[in-house]
Structures are given as structure tokens and as C-alpha cells.
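K.L.:
We have chain W; now place chain U onto it with these hints.
Each chain, letter by letter, is given below.
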Amino acid sequence: MRGGVLPYFLAGWLFLIGLYGVTTSRNFVQLVMCLSVVQSSTYVLILEVGYRVGATAPIYKDVPVGTRAVDPVVQSLVLTDIVVGVVVVALILSLALQIHKRSETVNPDDLHVMEG
Amino acid sequence: MTRRFRTVVFAVGAAGVAAFLAWGFAATPKFGHYRGPYGNILQKHGVQERHATNIVNAIVFDYRGIDTIGEEFILFAAVMGVTLLLRRQREERELGPAQERAEERTLLQTSDAVRVASLALIAPTEALGMYVVVHGHLTPGGGFQGGLVLAAAPLFIYLAGRYLVFRTVNPVGILDFGEGLGAGGFVAIGLIGLVSAAAFLQNVWPLGQVRSVFSGGMLPVINLAVGLEVAAGVVLVVYEFLEQTLVVRSRG
Numbered sequence: 000m001r002g003g004v005l006p007y008f009l010a011g012w013l014f015l016i017g018l019y020g021v022t023t024s025r026n027f028v029q030l031v032m033c034l035s036v037v038q039s040s041t042y043v044l045i046l047e048v049g050y051r052v053g054a055t056a057p058i059y060k061d062v063p064v065g066t067r068a069v070d071p072v073v074q075s076l077v078l079t080d081i082v083v084g085v086v087v088v089a090l091i092l093s094l095a096l097q098i099h100k101r102s103e104t105v106n107p108d109d110l111h112v113m114e115g
Numbered sequence: 000m001t002r003r004f005r006t007v008v009f010a011v012g013a014a015g016v017a018a019f020l021a022w023g024f025a026a027t028p029k030f031g032h033y034r035g036p037y038g039n040i041l042q043k044h045g046v047q048e049r050h051a052t053n054i055v056n057a058i059v060f061d062y063r064g065i066d067t068i069g070e071e072f073i074l075f076a077a078v079m080g081v082t083l084l085l086r087r088q089r090e091e092r093e094l095g096p097a098q099e100r101a102e103e104r105t106l107l108q109t110s111d112a113v114r115v116a117s118l119a120l121i122a123p124t125e126a127l128g129m130y131v132v133v134h135g136h137l138t139p140g141g142g143f144q145g146g147l148v149l150a151a152a153p154l155f156i157y158l159a160g161r162y163l164v165f166r167t168v169n170p171v172g173i174l175d176f177g178e179g180l181g182a183g184g185f186v187a188i189g190l191i192g193l194v195s196a197a198a199f200l201q202n203v204w205p206l207g208q209v210r211s212v213f214s215g216g217m218l219p220v221i222n223l224a225v226g227l228e229v230a231a232g233v234v235l236v237v238y239e240f241l242e243q244t245l246v247v248r249s250r251g
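Residue numbers (numbering that gives the first Met the number 0), protein chains in the order written: chain W, 0 to 115; chain U, 0 to 251.
Only chain U is shown next, with the shape it has when bound in the complex:
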């Protein structure tokens, strides 16, 4: 298929899709006039039922909890896929430690300003990430968002030009374990509900005082589990890509 032919096929298809979209949009409720009903019901009863002020978080990990477990395992499978695809191939070999140091010297000529700023930001980033995770059921945030913030901190180590340190503080074994623990923890919490209340993910823990950190029943614990899984998974992906810079092909 030549490029020209492909572009023509695209143009015809795109025109058709655009026409259908325009037809559909014309009959969609006007922008800014959401009708409900699900959002309205959840807004009305969510806080009272779950003692969580962040309704979005209550939906993600409670009302639509089973669906989120599915998404969580897409994430899990994708991380496993990256690890599997980027593992050392037959014709590849890793550079020895001496060569790595030489490579690091030549590759990472970061300025002192970047290095100092990166090192100074590691602790505040971890603190912010933990805050976003543990307050997930109260304020904007939660396991997914907080996990990504937590995963940013190891990147500062890399930015600071300490790739070898990055390698040593992020051993794959611990990351794998953390990811599995996070994913398994979510399912285990769901099973607690199944065993004690006859429904998967049914909350059986005390709901606590609304607006307090210790409220929302199982929500904060699920946030922690998901935060762990996302953070470990993203660091693992970044680690695998950075490892590629140390892998060279023996042929070519």
C-alpha cells in the first residue's frame, strides 16, 4: 500500500466518521447541562453512605470497585509485558561495571544546579505522594495519582546523575514484590468483604468520622494498596527502559 493510497483511504474513512460524529453530537445533551441520573444519586448519598468526601474516590474503589480491579490488572499485565519484552535478548550483553561507570561519566553531564535541585526535591516529592495517597478519600487524589507522584521521586535520583545509585536503590526484586503486594492487597481486601458480608468489596470496617483521615472504612487501605502498585509498576517500567541504555548488541 503506497502512502498516497493510504492517505486517500484515511480521508474517505475520516469524512465518514466525522459525519457520524457530527450527527451524534447534534443530539447529545447540550454542553454544561448534565442530566444524570447516576452522578446526581451519588452526589446526594455518597458522603452519607461511605463517609468519604471525595466522591470520585468512593466511586473508583467502592461503587465501581470490581471494574477498577480489572483496570488494575491491565496495568499489572502491561508492566509485566514491558519487563518481558525488554529482558536481555540472546544476542545482547550487558556492559561490565567499569564500562558502566565510564558510560555514566560520558552520558550524564548534568549541571550542579540540576543535581542539587533534584536531590533537594526527593524528600518533598515522597511526602507529597504519601499525602495524596492517604488523603485520597477526603481531597482530590488517591492511590492512582499518589502512586504516580511517588514514582517521580526515584526519577530525581536519575536526574541527579546517579544512575548507578538509582539501580541499587531500586532492585527489581523489591519492585516486583511491591507491585504484586499492591495488586494482591486490593483483591484480598475485596475478599474480606466476600467472607464477612457475602459481597466482594463490601465494606465491613467502621466508617469513622466524616472528614477525618481514619474514615471511609476500607477506602484508605485500598488507596494504599493501589498507590503501592502504581508506584512500583511505573518505577519498574522506567527502570527497564533505562536498563536498555546499558545493554548493547554484540552484533552490529
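Bound-form chain W, shown alone:
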């Protein structure tokens, strides 16, 4: 495992299995969760790219500057994205809630006609 490229395939697998869930889902809430899985695959991938064997966190409160640390840039990218992602999931769920109120269904297959 050390030094290979196998860990990156975890991100690829998460991406595809999430997408599989989105295409086959029969429930909007489950569909949104699958979308979150797709999104997490990007976190896993970019955190893996910034990883460094045997390195510590890029925080120099208790360790001297210059200590071998992982890439802080990818961490800051993931950090903002997680918080924003949670709220965007809430936005999609509120759409699902309104669909349920209007059409009495949470199954994407039962929606055929656009309603105003």
C-alpha cells in the first residue's frame, strides 16, 4: 500500500457507487445521500494527493516550524467544501420536501409532468 496508487481507487469507487445510487434510487432522500457520497469522493481524492508518509498536521502550535507536514492547501479546500456541502444538501432536501407536498411521492420515477 505504501507508495502505490491503490488508495486513489477508493475515491474512484466512491464516485461510481454514489453515481450508481443516484441512477437507481427510488427515493429522493436516498438520492441526496448518494449525491453526498459522490461529493465525498472528491474530498478523499484531494486529501490523498496532499498526503505525505509519516508527516504530521500542518499546525505548528506544539511542533517547530519545518516539521514534515501534509499539504495544508488541500485541507483548506476540503474544509470549506464540507460546510458548504451540508447546506447545499439541505437546499436539495427542501426541494424534495416540496415535491412530496405537491405530488405525494418521493420516487423520482413517479414524476412525469412538469408542474408549475
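Please keep in mind that the hints were generated in silico from the structure rather than gathered at the bench. Everything numeric in this text was worked out from a predicted model, so none of it was measured. You may find that some hints are simply not true.
[Said to hold, decoys possible] Pairs of lysine to aspartate or glutamate residues, derived as EDC-like cross-links and limited to a Cα-Cα distance of at most 20 Å, are as follows:
#1 W:K60 with U:E48
#2 W:K100 with U:E242
#3 U:K29 with W:E47
#4 U:K43 with W:D61
P.N.:
This is chain U only, laid out in the frame that chain W set:
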């Protein structure tokens, strides 16, 4: 499109994507061997330049500050979208206060253990959230993480079976104001830099002693603003969803 056909389309597409991913991964630098250069440069000079020991926080709110403002407004817009989508529709009406109490009695039969534990955890959670926000530039944490911890505390009020209390201590007006103040505060701090140093978000305040709470120039204040915005935004979203349980459709 039938389900079977859709699955076939997915299988073909997924096979193609998987092949491309495998091709790309094969040429990616090996796992655990990050090459840089940006991370290396920031690790070398970040502490000295910004007097912040949490380099991740310095990147989020300083080196990549403008980008974070963009993300911040995605959050802001998403919260506004939730509020807008979940507002009371024409055919809906809210239950009256008497009915609400009756509903609350029937809906929330929490045990005493859950109730006591939730009430006992409110104060420590708020303290932890504030700690994570104000030490954001020193230790792991910051406005985003601390804001989420702060937003958890009102949920304990709900878990304690006090939904009506939750409603009264979280009036939408104050939450809206807090969210706007947080988002606007971040931009205002950026403008201070623009006016006094000719660059947006340029730090013009004293950097202070490294490893002290009062260090990092503008970073702690930006952390506070973002913490406020995230906390208010998340509580607002939760509040809007919980309000839905009190809204009933008059038809059907």
C-alpha cells in the same frame, strides 16, 4: 426511459469513467509522496508571515481569502434558498398554539435521561464552539468548524423535547441578522485592507505574538464573523425544517 435502460446507460458510462480514472491514477504521484510546491512554500513561510500557527486557517481566510468569501456566499445563498422554498405556501396553514402544544405532547415523548443529558450539554457545547472559533488561527478549528459546533447547541434544546422553547429562543429575525452580519463582516474586514493597504483582505492590523490568542492580525476577527454566519445559517436551516412539522396542508 425504463429502469433497465437507464441502468444499461449508467453501466456503459461508468465503465468509460472507470477506465479514464484508472488511466489518470496510474500517472498521479504515488500516494504519500506529495511534491508541492504550494504546500511546501506555505509551510515554510506561513507562520512567520502571518503569525498564525494553524496554516490551514491562514490559507482559508488569508492566502485564499477571496475564494473563501465566494464559498461563504454559496452558503449564504443556499440558506436563503431553503428559507424561500420552505416558506408557507398558499394552500398551507400553521397549527394554532393550542394544537402545537398537543402535537408536542404526542410527538416528543423523550425519556428523562435524554432530556437531562441534552440540557446538561448545552452550556459545554457553546463553550467548546466558542473555543474552537477563537483559537482557529492557533489550533485545529476556525470559524467554519466552530460555527457548526455552536449550531449544535440549539439542537439539544430540541432534543430535550422543548420545541416551543427552541422556537422562542431562535427568532428568525435575530438569526437572519446574525447571518447577514457574519457574511457582511467578512467583506467589511476585506474592505479595511482595500482602503488602508490598497489590496482586498490585506492585513493591516498588528500581527502580535506568535501562539497567543491575540495574534494573526485580522484572522481571529474573520474567524468570529464566519463562525457567526455558519452558526446562524445552520440553525436557520434546521429551524425551517422543524417548522415544517407544524405546517399542515389544508387539502389532502
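K.L.:
Out of the numbered hints, which ones does the structure contradict?
P.N.:
none
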